[in-house]
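If you read the sequences in order, they're chains E and X. Taken in order, the first sequence gives residues 31 to 336; the numbers are from the working numbering. Taken in order, the second sequence gives residues 31 to 336; the numbers are from the working numbering.
Keep in mind that a hint or two might mislead.
[Said to hold, decoys possible] Anything over 12 Å on all C-beta distances counts as not near chain X; from chain E, calculated:
{"id": "1", "residue": "Thr-46"}
{"id": "2", "residue": "Asp-67"}
{"id": "3", "residue": "Ser-88"}
{"id": "4", "residue": "Gln-104"}
{"id": "5", "residue": "Ser-128"}
{"id": "6", "residue": "Lys-305"}
{"id": "7", "residue": "Glu-309"}
{"id": "8", "residue": "Asn-313"}
{"id": "9", "residue": "Glu-320"}
[Claimed, not checked] Derived contacts from chain X toward chain E, CB cut-off under 10 Å, selection only:
{"id": "10", "residue": "Gln-112"}
{"id": "11", "residue": "Tyr-120"}
{"id": "12", "residue": "Lys-138"}
{"id": "13", "residue": "Ala-161"}
Just so you know, these hints were derived from the structure itself, not from any lab. Ideal Cβ positions, reconstructed from N, Cα and C, are used throughout, including at glycine.
There are 2 protein chains.
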Amino acid sequence: MSDFFIDRLLSAIDRTACPVCVGIDPMLESLPPGVLDRIPRDATGLEASVDAIHDFSSTVLKTVAPHVPVVKFQSAYFEKFQWEGIRAYYSLIQEAKSLGLLVIADVKRGDIASTAAAYAGAHLEDRPGIATMADAITVNPMLGLDTLDPFVQVARKHGKGLFVLVRTSNPGSGRLQDAMLADGRTWSEMLADGVNEIAGSYLGESGWSNIGAVVGATQEHTITSMRKRLPKSIFLLPGYGAQGASADQTRRAFEAGRGAIVSASRSILYAHADKRYAEKFGNNWPKCVEQAVLDMKADLKRVLGG
Amino acid sequence: MSDFFIDRLLSAIDRTACPVCVGIDPMLESLPPGVLDRIPRDATGLEASVDAIHDFSSTVLKTVAPHVPVVKFQSAYFEKFQWEGIRAYYSLIQEAKSLGLLVIADVKRGDIASTAAAYAGAHLEDRPGIATMADAITVNPMLGLDTLDPFVQVARKHGKGLFVLVRTSNPGSGRLQDAMLADGRTWSEMLADGVNEIAGSYLGESGWSNIGAVVGATQEHTITSMRKRLPKSIFLLPGYGAQGASADQTRRAFEAGRGAIVSASRSILYAHADKRYAEKFGNNWPKCVEQAVLDMKADLKRVLGG
Numbered sequence: 031m032s033d034f035f036i037d038r039l040l041s042a043i044d045r046t047a048c049p050v051c052v053g054i055d056p057m058l059e060s061l062p063p064g065v066l067d068r069i070p071r072d073a074t075g076l077e078a079s080v081d082a083i084h085d086f087s088s089t090v091l092k093t094v095a096p097h098v099p100v101v102k103f104q105s106a107y108f109e110k111f112q113w114e115g116i117r118a119y120y121s122l123i124q125e126a127k128s129l130g131l132l133v134i135a136d137v138k139r140g141d142i143a144s145t146a147a148a149y150a151g152a153h154l155e156d157r158p159g160i161a162t163m164a165d166a167i168t169v170n171p172m173l174g175l176d177t178l179d180p181f182v183q184v185a186r187k188h189g190k191g192l193f194v195l196v197r198t199s200n201p202g203s204g205r206l207q208d209a210m211l212a213d214g215r216t217w218s219e220m221l222a223d224g225v226n227e228i229a230g231s232y233l234g235e236s237g238w239s240n241i242g243a244v245v246g247a248t249q250e251h252t253i254t255s256m257r258k259r260l261p262k263s264i265f266l267l268p269g270y271g272a273q274g275a276s277a278d279q280t281r282r283a284f285e286a287g288r289g290a291i292v293s294a295s296r297s298i299l300y301a302h303a304d305k306r307y308a309e310k311f312g313n314n315w316p317k318c319v320e321q322a323v324l325d326m327k328a329d330l331k332r333v334l335g336g
Numbered sequence: 031m032s033d034f035f036i037d038r039l040l041s042a043i044d045r046t047a048c049p050v051c052v053g054i055d056p057m058l059e060s061l062p063p064g065v066l067d068r069i070p071r072d073a074t075g076l077e078a079s080v081d082a083i084h085d086f087s088s089t090v091l092k093t094v095a096p097h098v099p100v101v102k103f104q105s106a107y108f109e110k111f112q113w114e115g116i117r118a119y120y121s122l123i124q125e126a127k128s129l130g131l132l133v134i135a136d137v138k139r140g141d142i143a144s145t146a147a148a149y150a151g152a153h154l155e156d157r158p159g160i161a162t163m164a165d166a167i168t169v170n171p172m173l174g175l176d177t178l179d180p181f182v183q184v185a186r187k188h189g190k191g192l193f194v195l196v197r198t199s200n201p202g203s204g205r206l207q208d209a210m211l212a213d214g215r216t217w218s219e220m221l222a223d224g225v226n227e228i229a230g231s232y233l234g235e236s237g238w239s240n241i242g243a244v245v246g247a248t249q250e251h252t253i254t255s256m257r258k259r260l261p262k263s264i265f266l267l268p269g270y271g272a273q274g275a276s277a278d279q280t281r282r283a284f285e286a287g288r289g290a291i292v293s294a295s296r297s298i299l300y301a302h303a304d305k306r307y308a309e310k311f312g313n314n315w316p317k318c319v320e321q322a323v324l325d326m327k328a329d330l331k332r333v334l335g336g
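Chain E extracted, bound-state conformation (with noise of 0.2 Å):
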């Protein structure tokens, strides 16, 4: 297995046929009736949430696991349980990998020098006997590109990938992140730009980058153009399902059935509240999942063919 994060990626995706990273964002107030019923009534404080969220989680790794190369952990909902959920998130991340996932851990920190250092020690330094962590982690360059350097020497000495955040799929990402430049690029552009520099100094023995990008799938044509700005970085494309975007805008993110791949969260997790799959599968809510898994991929492929 070649000792570089995105070669390891490509070979999964091929391996399943599959561009999809599922996302684990798990919300309590979401959660299928049969798993918050498991909650004692009586419980209080974080543990029985944590429980809850962890059973859940690992529940849907097992689920998804032979269809997806990838998942992706939202440090967030873990965070919000203190460290009882940072315990789960981390015993989850090692469930994901000893079933032979990806993982990428979405914590989007930035940060400067020995801060960011910090970060990469907490999220992507394998410390052995003590913790193995992400593949792949996403990061925010905000601070500056050099702020990236801790965040790259870490990845290069244990062979991982960074998603640098480029262009986000919120509705206000626009005001700030395409800021018309004296030079004719927006701002994200001119980022997109800086962001390839240090792409293509660390790159995989497939030719592509282990440094990759974020670029929200609900702007057809800003995806376009980091496609061109960033010819050697996978994407990591969040916004399919439940934040609107279609597998036909994420076309362009592709080319020959490369270059991205397509993150859903809630549209997966939360499949059992979804009428469709409901009347079908009724309380089996990993059933569900699964469908829910496979109807994606095969949107994906009638869309990118193969």
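For this one, chain E is given, so just place chain X on it according to the hints.
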């Protein structure tokens, strides 16, 4: 006492006659020999390390509490030690508050919608019987000004504050943050104008906003521009001491002695490594910390008058 963070902060600054914020950035490799010696030689794993940074930080808090209004916890240095580190982080926040200190959690989180809400829950939202959180947190606005809404909502509900990253102090910050827009503003100036709209909507009784800004103290001309664009926001100025900013450079953030808090971390925490203090106090590292705080206060007083 006012229900608003900003009023509590201004009143604490008046009481201590001191706009200094001590940054709690515990780094194992920099701890005083006396603290490190107490880790048993056969200790393994994270626990002994966390005990050391907890004990060190706890002594720092007790040492600086009589002299300064506010401390700032850098979450990266706790996250690095996984859940054990996070447990220490929350425990130290409680301790700081019980010592009468205001607490800023320097988490620099930023994400969209429900994820931002989860981060606000993790770091800002008091949950009776579970945890009392920091009085204010730092947030990263790159994803869009709309992504600040969930943080503002939680802050407003609990009378807390935010410091929005607007212009940072690291050497590489200029390329992204000073990018010149077609309309003649830099990107950070445009961002500041947007943050000012939000700041104006959440004022304290003092007339100052509960939404402050992080502005690197190393660029004098930038501080002047930002002061004009964010007239109601208090600035959190990192970069004093170890990062090279002088008291003179910070002067422009103040008007009539108000408008900013100056943050210093390593120059205070690790004062035992500074010959000036080591020669005077020997192995008594808390004395070194205390003297470094007093010297910083005097330095700022000289510049700010009063």
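Enumerate the violated hints, using their earlier numbering and listing them in ascending order.
Of the numbered hints given earlier, the structure breaks just one, which is hint 4.
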